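> Starting from the known structure of chain L, arrange chain F on it as the hints suggest.
Residue numbers (the UniProt record's numbering), protein chains in the order written: chain L, 1 to 594; chain F, 1 to 197.
Computed list of lysine to aspartate or glutamate pairs in DMTMM-like fashion (alpha-carbon distance at most 25 Å, straight line): (1) F:Lys186 <-> L:Asp305; (2) F:Lys184 <-> L:Asp182; (3) F:Lys176 <-> L:Asp305; (4) F:Lys184 <-> L:Glu562; (5) F:Lys176 <-> L:Glu492; (6) F:Lys186 <-> L:Glu353; (7) F:Lys176 <-> L:Glu349; (8) F:Lys186 <-> L:Glu557; (9) F:Lys176 <-> L:Asp231; (10) F:Lys186 <-> L:Glu562; (11) F:Lys176 <-> L:Asp405; (12) L:Lys551 <-> F:Glu183; (13) F:Lys184 <-> L:Glu557; (14) L:Lys281 <-> F:Glu187; (15) F:Lys176 <-> L:Glu174; (16) F:Lys186 <-> L:Asp92; (17) F:Lys176 <-> L:Asp148; (18) F:Lys186 <-> L:Glu349; (19) F:Lys184 <-> L:Glu174; (20) L:Lys323 <-> F:Glu183; (21) L:Lys208 <-> F:Glu183; (22) L:Lys281 <-> F:Glu183; (23) L:Lys414 <-> F:Glu183; (24) F:Lys184 <-> L:Asp308; (25) F:Lys184 <-> L:Asp236; (26) F:Lys186 <-> L:Asp308; (27) F:Lys186 <-> L:Glu233; (28) F:Lys184 <-> L:Asp92; (29) F:Lys186 <-> L:Asp412.
Keep in mind the hints are simulated off the structure, nothing from the lab. Being a predicted model, the structure only gives us computed values, none of them experimental.
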Amino acid sequence: MGENYNELKKSTASQTGLTDVVLGWVILYIDDPEDRSAVSLVCRRWYELDALTRKHVTVALCYTTSPERLRRRFPHLESLKLKGKPRAAMFDMIPEDWGGYVTPWVKEIAENLTCLKSVHFRRMIVNDSDLEVLGRSRGEVLRCLKLDKCSGFSTDGLLHVGRLCRQLRTLFLEDSSIIEKDGRWIHEIAMNNSVLETLNFYMTDLVKVSFEDLQLIARNCRNLVSVKISDCEILDLVGFFHAAAVLEEFNGGPFYDQPDGYAAVTFPSRLCRLGLTYMGKNEMPIVFPFAPLFKELDLLYALLDTEDHCLLIQRCPNLEVLKTRNVIGDRGLEVVARSCKQLKRLRIEADAEEEGMEDEGLVSQTGLMALAQGCLKLEHLAVYVSDITNASLEYIGTYLKNMCDFRLVLLDQKERITDLPLDKGVRALLRGCGKLRRFALHLRPGGLTDAGLGYIGKYSWNIRWMLLGYVGESDAGLLEFSKGCPKLQKLEIGGCFFSEHALAAAMIRLTSLRYLWVLGYRELSQSSRDLLAMARLFWNIELVPARRVVKTDRVGEVVVVEHPGHLLAYYSLEGPRIDFPDLIFRLNYQRILV
Amino acid sequence: MSRASVELDFFGMEEQNCCKSRFQKSLDRRLSFRGLQGALSKVNPELIKSVIASGLKNPQGQDNVYQMDSNKSFSVPSSPKETQSLFPALPLLTPAARATSENGPEKAPLTIFYNGTVSVFNVPRDKAESILKLAVEVEGNSKNVEPIDSKVASPPSDRQQLLETLNGDLPIARRKSLQRFLEKRKERMTCASPYAC
Numbered sequence: 001m002g003e004n005y006n007e008l009k010k011s012t013a014s015q016t017g018l019t020d021v022v023l024g025w026v027i028l029y030i031d032d033p034e035d036r037s038a039v040s041l042v043c044r045r046w047y048e049l050d051a052l053t054r055k056h057v058t059v060a061l062c063y064t065t066s067p068e069r070l071r072r073r074f075p076h077l078e079s080l081k082l083k084g085k086p087r088a089a090m091f092d093m094i095p096e097d098w099g100g101y102v103t104p105w106v107k108e109i110a111e112n113l114t115c116l117k118s119v120h121f122r123r124m125i126v127n128d129s130d131l132e133v134l135g136r137s138r139g140e141v142l143r144c145l146k147l148d149k150c151s152g153f154s155t156d157g158l159l160h161v162g163r164l165c166r167q168l169r170t171l172f173l174e175d176s177s178i179i180e181k182d183g184r185w186i187h188e189i190a191m192n193n194s195v196l197e198t199l200n201f202y203m204t205d206l207v208k209v210s211f212e213d214l215q216l217i218a219r220n221c222r223n224l225v226s227v228k229i230s231d232c233e234i235l236d237l238v239g240f241f242h243a244a245a246v247l248e249e250f251n252g253g254p255f256y257d258q259p260d261g262y263a264a265v266t267f268p269s270r271l272c273r274l275g276l277t278y279m280g281k282n283e284m285p286i287v288f289p290f291a292p293l294f295k296e297l298d299l300l301y302a303l304l305d306t307e308d309h310c311l312l313i314q315r316c317p318n319l320e321v322l323k324t325r326n327v328i329g330d331r332g333l334e335v336v337a338r339s340c341k342q343l344k345r346l347r348i349e350a351d352a353e354e355e356g357m358e359d360e361g362l363v364s365q366t367g368l369m370a371l372a373q374g375c376l377k378l379e380h381l382a383v384y385v386s387d388i389t390n391a392s393l394e395y396i397g398t399y400l401k402n403m404c405d406f407r408l409v410l411l412d413q414k415e416r417i418t419d420l421p422l423d424k425g426v427r428a429l430l431r432g433c434g435k436l437r438r439f440a441l442h443l444r445p446g447g448l449t450d451a452g453l454g455y456i457g458k459y460s461w462n463i464r465w466m467l468l469g470y471v472g473e474s475d476a477g478l479l480e481f482s483k484g485c486p487k488l489q490k491l492e493i494g495g496c497f498f499s500e501h502a503l504a505a506a507m508i509r510l511t512s513l514r515y516l517w518v519l520g521y522r523e524l525s526q527s528s529r530d531l532l533a534m535a536r537l538f539w540n541i542e543l544v545p546a547r548r549v550v551k552t553d554r555v556g557e558v559v560v561v562e563h564p565g566h567l568l569a570y571y572s573l574e575g576p577r578i579d580f581p582d583l584i585f586r587l588n589y590q591r592i593l594v
Numbered sequence: 001m002s003r004a005s006v007e008l009d010f011f012g013m014e015e016q017n018c019c020k021s022r023f024q025k026s027l028d029r030r031l032s033f034r035g036l037q038g039a040l041s042k043v044n045p046e047l048i049k050s051v052i053a054s055g056l057k058n059p060q061g062q063d064n065v066y067q068m069d070s071n072k073s074f075s076v077p078s079s080p081k082e083t084q085s086l087f088p089a090l091p092l093l094t095p096a097a098r099a100t101s102e103n104g105p106e107k108a109p110l111t112i113f114y115n116g117t118v119s120v121f122n123v124p125r126d127k128a129e130s131i132l133k134l135a136v137e138v139e140g141n142s143k144n145v146e147p148i149d150s151k152v153a154s155p156p157s158d159r160q161q162l163l164e165t166l167n168g169d170l171p172i173a174r175r176k177s178l179q180r181f182l183e184k185r186k187e188r189m190t191c192a193s194p195y196a197c
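Same shape as in the complex, but just chain L (with noise of 0.2 Å):
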């Protein structure tokens, strides 16, 4: 064993400098996936101490790789997150089922990746009995389950969840659509658990939990950290207050008229992250005590008014997150840029049509270019404007160097906006953001010429997704896109309506990419011949026809919803898919191979 053993140290130190001991040591500190990567492909010594060190591994698409073929890489695995439908999902713009199931992916964790103890599946389908399989096989070790964004489960599912996994830390549901049948499983949870430290089930529109529930918990987890549940009165949830002694963070609500007010409300001393559903300008001042502690504010579904957010924001000076709707204004944004040095992370998203009708609940150049020089720390920025100049984006760039997410929307409200296009502005935030490895921009007819998507393509060196919508003039403009964006993975194009066959040529010049989703696609008319040049061998490619939906909304009225066309394509190891719904049509490459 010595001689062998001396052996093997010496052809693999000869070949890498490090033998396997030193490597080993030093593998543990690489957390990083990209670095891991790199690592795996030096020789197949260290492509093996990877696959048995890494901890973690990201999945992006499920169906990119089976079950299966991560196992054999990884079969010590202790955490892993899968997203399964399009970004899209989000915005209702994808069919239900049209796939991503986990059942494949729960059976092979049972049956073999006896190391996992963190499981986070995102904008997936998954079944009752899917959490049972999880429940049962997994249940001792699992500390940490996170359903984000999913659906096809019901309460029961999560009774199983409650009964079997007794020791997690996390459990996340937020934004998963559950079909509620009691509340028991909450109850569960509470009757077995007392180590729970994050607890989400925020926007779930689950109505049956009980807050004594909540209150049980409160007191026998005594890290509970972080509570974010669906609707429930907070004038019930003052006893859960006073037993989440150390509580940070909280997400919750509503608020209803009461007569007496929420005087009677006090919120734990640890208290700095907060969402309040409902809140108005009568309850907010309720919170004005913790302003100052302030790390996280959610006001995306808060009832308050440009003035309302001004009062509140200029008391948080150590604010790092914040999350509302345009209603903030240029002048609320002007207090941001006073008052929230610290500021790291701002999203504002847009309110409905009806409202923002004064241009005082409106976000425009005025609010950018102070937000840009206040706020020098920020790094993630989404934000949807009403009107825009060339200005403020090279304010952006120029005071904004941490800046490594960027969204924008321009709001068709406006007829006309100040100062488009945009080509000089996009450019210059683009050269002075240097680590940038999101983007997105979304405008009108008119936003930006073919050199401005150019531009894009050309200083666009680290950003690694894109999302491009109303953009350029023609397909010349994609094509000089193509030519640039050296490390774009995934990219999403909506309105643009450039033809297939610029798609193509795009998609082969993309170097990195490995993930293209297209809006609004012109699918399946008489040219669509060219989408032959985009087969490629491993490439799926699925198609969604442009589809009609009724639906009834909230409100009881029928509405009839047009959706476009879209194409998604993707490099898979696995070949074309089967689980689609009938909406889809595949194009298969595979063929050739025989």
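Structure of chain F alone, referenced to chain L:
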């Protein structure tokens, strides 16, 4: 879930691939049935059958409109859908079509989706054209008829309307969660108090 996938055999490799699973083979059969003529929706297949029966020259002398070729025609119930999805024209693959078509130069498969069923007929081109004309007449101003001439396959006018509406005018997408909140808020504002509604 009915397997209405379309595997477009770009390179005419079908005949060469013998080592296929049964599943794969059944998919192929359906492909060649469907052919490239597209499909009609909202046209009653019974009507079509009567048109075919009246005019079809049947060499085997059968009255049965379902030709028993090497490729069988059949009518299968498709999975129930909420909305009757429009079945768009398939991409044009005329070279491949010729390679895979085993129905002879005259007859090609015609697939009709109607009321939750799928019916496939083998008809010659002129018959198919007259069926379509008939469908147009019967439906009056129905805009859902697929033109038979695959060389100039334009999308059905209904879908064309859809495309025109959407062309250059995609609405700003909002996150589902935010959309739900905005609707709930509207509800709240229209009710005086939660107890009154």
